[in-house]
Amino acid sequence: MLENAFHGDRRYWTWIGFLLVLMGVGAFFYLQQLRYGLGITGMSRDVSWGFYIAQFTFLVGIAASAVMVVLPYYLHDVKVFGRITVLGEFIAVSAVTMCLAFIIIDLGQPQRALNMVLHPSPRSILFWDMIVLNGYLVLNVIITRVTLDAERNGEAPPRWIRPVIILSIPWAISIHTVTAFIYSGLAARPFWMTAILAPRFLASAFSSGPALLILLCLILIRFTKFDPGWEAIQKLALVVTYAVLANIFFVLMELFTALYSDIPEHLLHFRYLYLGLDGHHELVPWMWTSAFLVVASAVILVTPRLRRQKRWLVAACIGVVVAMWIEKGLGMVVTGFVPSPLETVTRYVPTFPEVAITVSVYALGALMVTVFYRIALSVRGELAG
Amino acid sequence: MTVDRRTFLKIAGLGALGTTGVYSLPVLGSPESGPGGHGVPAPGGTRWGMVIDLAACRHDEGCRDCIEVCGRVHNVPHHDDPRHEIKWIWKVPYPEAFPMQQHEYQEPALLGMAVPVMCNHCDNPPCVRVCPTQATWKRSDGVVMMDWHRCIGCRYCMAACPYGSRSFNWVEPREALEHQDPGFPTRTRGVVEKCNFCEERLAKNELPACVTACPHGALTFGNLADPDSPVRRILAGRMAIRRKPSLGTHPEIFYLV
Amino acid sequence: MYDGGKIVAGLVVFLVLVTVPVWLNALAGGTPRAPELELPRDESRCVEPAAVMRATHMELLDTWRDSVVRSDDRFFTLEDGRRVERSLSRTCLGCHDRKDAFCDRCHDYLAVSPYCWDCHVIPEGGTALAAAGGGVR
Numbered sequence: 000m001l002e003n004a005f006h007g008d009r010r011y012w013t014w015i016g017f018l019l020v021l022m023g024v025g026a027f028f029y030l031q032q033l034r035y036g037l038g039i040t041g042m043s044r045d046v047s048w049g050f051y052i053a054q055f056t057f058l059v060g061i062a063a064s065a066v067m068v069v070l071p072y073y074l075h076d077v078k079v080f081g082r083i084t085v086l087g088e089f090i091a092v093s094a095v096t097m098c099l100a101f102i103i104i105d106l107g108q109p110q111r112a113l114n115m116v117l118h119p120s121p122r123s124i125l126f127w128d129m130i131v132l133n134g135y136l137v138l139n140v141i142i143t144r145v146t147l148d149a150e151r152n153g154e155a156p157p158r159w160i161r162p163v164i165i166l167s168i169p170w171a172i173s174i175h176t177v178t179a180f181i182y183s184g185l186a187a188r189p190f191w192m193t194a195i196l197a198p199r200f201l202a203s204a205f206s207s208g209p210a211l212l213i214l215l216c217l218i219l220i221r222f223t224k225f226d227p228g229w230e231a232i233q234k235l236a237l238v239v240t241y242a243v244l245a246n247i248f249f250v251l252m253e254l255f256t257a258l259y260s261d262i263p264e265h266l267l268h269f270r271y272l273y274l275g276l277d278g279h280h281e282l283v284p285w286m287w288t289s290a291f292l293v294v295a296s297a298v299i300l301v302t303p304r305l306r307r308q309k310r311w312l313v314a315a316c317i318g319v320v321v322a323m324w325i326e327k328g329l330g331m332v333v334t335g336f337v338p339s340p341l342e343t344v345t346r347y348v349p350t351f352p353e354v355a356i357t358v359s360v361y362a363l364g365a366l367m368v369t370v371f372y373r374i375a376l377s378v379r380g381e382l383a384g
Numbered sequence: 000m001t002v003d004r005r006t007f008l009k010i011a012g013l014g015a016l017g018t019t020g021v022y023s024l025p026v027l028g029s030p031e032s033g034p035g036g037h038g039v040p041a042p043g044g045t046r047w048g049m050v051i052d053l054a055a056c057r058h059d060e061g062c063r064d065c066i067e068v069c070g071r072v073h074n075v076p077h078h079d080d081p082r083h084e085i086k087w088i089w090k091v092p093y094p095e096a097f098p099m100q101q102h103e104y105q106e107p108a109l110l111g112m113a114v115p116v117m118c119n120h121c122d123n124p125p126c127v128r129v130c131p132t133q134a135t136w137k138r139s140d141g142v143v144m145m146d147w148h149r150c151i152g153c154r155y156c157m158a159a160c161p162y163g164s165r166s167f168n169w170v171e172p173r174e175a176l177e178h179q180d181p182g183f184p185t186r187t188r189g190v191v192e193k194c195n196f197c198e199e200r201l202a203k204n205e206l207p208a209c210v211t212a213c214p215h216g217a218l219t220f221g222n223l224a225d226p227d228s229p230v231r232r233i234l235a236g237r238m239a240i241r242r243k244p245s246l247g248t249h250p251e252i253f254y255l256v
Numbered sequence: 000m001y002d003g004g005k006i007v008a009g010l011v012v013f014l015v016l017v018t019v020p021v022w023l024n025a026l027a028g029g030t031p032r033a034p035e036l037e038l039p040r041d042e043s044r045c046v047e048p049a050a051v052m053r054a055t056h057m058e059l060l061d062t063w064r065d066s067v068v069r070s071d072d073r074f075f076t077l078e079d080g081r082r083v084e085r086s087l088s089r090t091c092l093g094c095h096d097r098k099d100a101f102c103d104r105c106h107d108y109l110a111v112s113p114y115c116w117d118c119h120v121i122p123e124g125g126t127a128l129a130a131a132g133g134g135v136r
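Top to bottom, those sequences are chains A, B and C.
For the first sequence, numbering that gives the first Met the number 0 begins at 0 and goes up steadily by one.
For the second sequence, numbering that gives the first Met the number 0 begins at 0 and goes up steadily by one.
For the third sequence, numbering that gives the first Met the number 0 begins at 0 and goes up steadily by one.
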């Protein structure tokens, strides 16, 4: 199957080459980070997790969101998702791989990473995160491989794959729940220590993931013979709509509890996010952009007349993906550390090497998605026409 | 084969119940705490603790004797970039050390004073709970230890510590050391470190370096499990507070205000 | 087999590349001379026979390290009654006081670079050790 990835036109190879260059640049800076230490990043004693862990958190959501096509298709027999289910699962495989890459990149002693396996510590949520993430990766690799193989041979998938697929549904929920538990179990960080963190993570995941899938489908429709049907796209748009509304609702719940209870150690974090604290306003413009995008996208999505127009739908999907990326990939992690437990505010801005390394991991993900989609489409004979 | 919605919901619900249970059970059990529960070690055992007398400490605002001796005997590097700082014992303004235990009418001298802070060697340490490799753990004598050979540098413990007591080696520590004491190792890039209650001196029946270095006798060290120890005698007679008591970490460092 | 010739050719190139060090050594003419190690002047007994030490000193140090750091178990007694502190820098280097003429020579010869010294400080001569109060008594 993989041989299909090695045949392509000029445009395909230019894109692959572009991604490889980005990965090369990132690899160069990662080697520097290995030599110099994580001091090459903008992280500090007080803000000890930054951009890498934030991207990891965002991407766990993207990975989990595959369930939003798998569940309707396999449990509710939503036939229109038949053509895009495997695309969702391929996004999951790529996103989980990126998550694991970000974790390794963030380690101070990556060559000792196996200590997590050699000295298993079930009391640590990171231990469980390792298990659910790797398990989810294996599940989706098996599922995509087997179902696509069956499709190529023109036969029904083997019966044993169905329980595996059913298992992948609660498993998808578990990866984002456990990832939320990494944060929400820490008494030291009141910003994260909220029971609604896991539901919030899921809501933002189930909006940004399907929105990304819609965008990818529209790109495929434009450049290939692939066509999942407008109904499938609209069904996905409905998923995005409900998830965005749930996410707005959850954020408002958070704001109410923090603002009305007026407990400083909860309040200060939100003040830093939306107003700035002690003269530090790094995140403020981003957070308001995110808030605006979420509301604007929600308005578009709940208006059936707009949601049905491709132009508006694209705008809303881009808005949702960008807004959720800002919320999780920029705001969520850093704000847990600002102010610190000693109530000091430390400025955190990612450095150029940090951003370059991050971009290279995204390039890896994009490369994986490209290759997987190419394989899937060539198996179905839907490639460029 | 099909699974109808109701069956699926049942399975999913059971699964969710199972996983949540797994997380909470070991925490509720808290295997690190002694047989007597938090703060009450087994009779005849050892539970090292410290009492810091702020009244004695504040006589000498500029004094850094405890900080300097600790840095010297433990090869604690001194980085110029505040982002990369390594701190074992250091001083912070009173409101930062006790964010929830201050009011605006308090004695101005107290509010303005610099309080020595360090690892609290909590009886119920969150850092130990989160470590994915058991590179940090609670010894039976109460010291929260670290194994720098095993630490993978994930910094989960730093996120979990409510006292900001842990530092990470963002860059090579040796380049920020003027003198290396051969009696103690330095650290390598990419591991977390913190106060070790001078466990290397306790092994030789010596008091922690900061305690012996303090010219004002502000630091008292001893066995909290022994009712006749100096720390217990002070605590029995005077009102002492701990940092962030509401979190249930049970620090073993006490402050006389 | 599709492209059988290309696959075999690729495998041959691969095999030649991974065995380059062997060929280079063979061309250079036999094994280089084993390193000469400088042994302690006034101590002839190690904690284990020399052959055992040569083969397994790294495992011994690993157990020592775990005993000291993780079990707070710092001393043990040899059969001849000597009490030994489990310490690389105090006990081992207490006798082998020239790391460059002992540890390094062999490690360099075998092209291994243990990371012990990334953290453990190399004592200057034997004098610092007496002050630190460790070693073999």
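Note that these hints are calculated values from the structure, not bench results.
The beta-carbon is built from N, C-alpha and C at its ideal position, and this holds for glycine as well.
Don't take each hint at face value.
Claimed, not checked - Lysine to aspartate or glutamate pairs mimicking EDC-like chemistry, simulated, CA-CA at most 16 angstroms apart:
id : chain 1 : residue 1 : chain 2 : residue 2
1  : B       : Lys203    : C       : Asp72
2  : A       : Lys78     : A       : Asp226
3  : A       : Lys78     : A       : Glu281
4  : C       : Lys98     : C       : Asp71
5  : B       : Lys203    : C       : Glu84
6  : B       : Lys90     : A       : Glu342
7  : B       : Lys203    : C       : Asp71
8  : A       : Lys309    : A       : Glu253
9  : A       : Lys234    : A       : Glu342
10 : B       : Lys90     : B       : Asp64
As the list claims (entries may be wrong) - To be clear about the criterion: a stretch of chain C counts as covered by chain B if any three or more of its residues have a C-beta under 8 angstroms from a C-beta of chain B, and this derived list gives those stretches:
id : segment
11 : 61–69
12 : 97–106
Hints and how they fare:
{"no.": "1", "hint": "Lys203/B <-> Asp72/C", "in the structure": "holds (12 angstroms)"}
{"no.": "2", "hint": "Lys78/A <-> Asp226/A", "in the structure": "holds (14 angstroms)"}
{"no.": "3", "hint": "Lys78/A <-> Glu281/A", "in the structure": "violated (46 angstroms)"}
{"no.": "4", "hint": "Lys98/C <-> Asp71/C", "in the structure": "violated (26 angstroms)"}
{"no.": "5", "hint": "Lys203/B <-> Glu84/C", "in the structure": "holds (12 angstroms)"}
{"no.": "6", "hint": "Lys90/B <-> Glu342/A", "in the structure": "holds (14 angstroms)"}
{"no.": "7", "hint": "Lys203/B <-> Asp71/C", "in the structure": "holds (11 angstroms)"}
{"no.": "8", "hint": "Lys309/A <-> Glu253/A", "in the structure": "violated (33 angstroms)"}
{"no.": "9", "hint": "Lys234/A <-> Glu342/A", "in the structure": "violated (46 angstroms)"}
{"no.": "10", "hint": "Lys90/B <-> Asp64/B", "in the structure": "holds (11 angstroms)"}
{"no.": "11", "hint": "61–69", "in the structure": "holds (count 3)"}
{"no.": "12", "hint": "97–106", "in the structure": "violated (count 0)"}
Hints 3, 4, 8, 9 and 12 from the list above are not met by this structure, while the remaining hints are.
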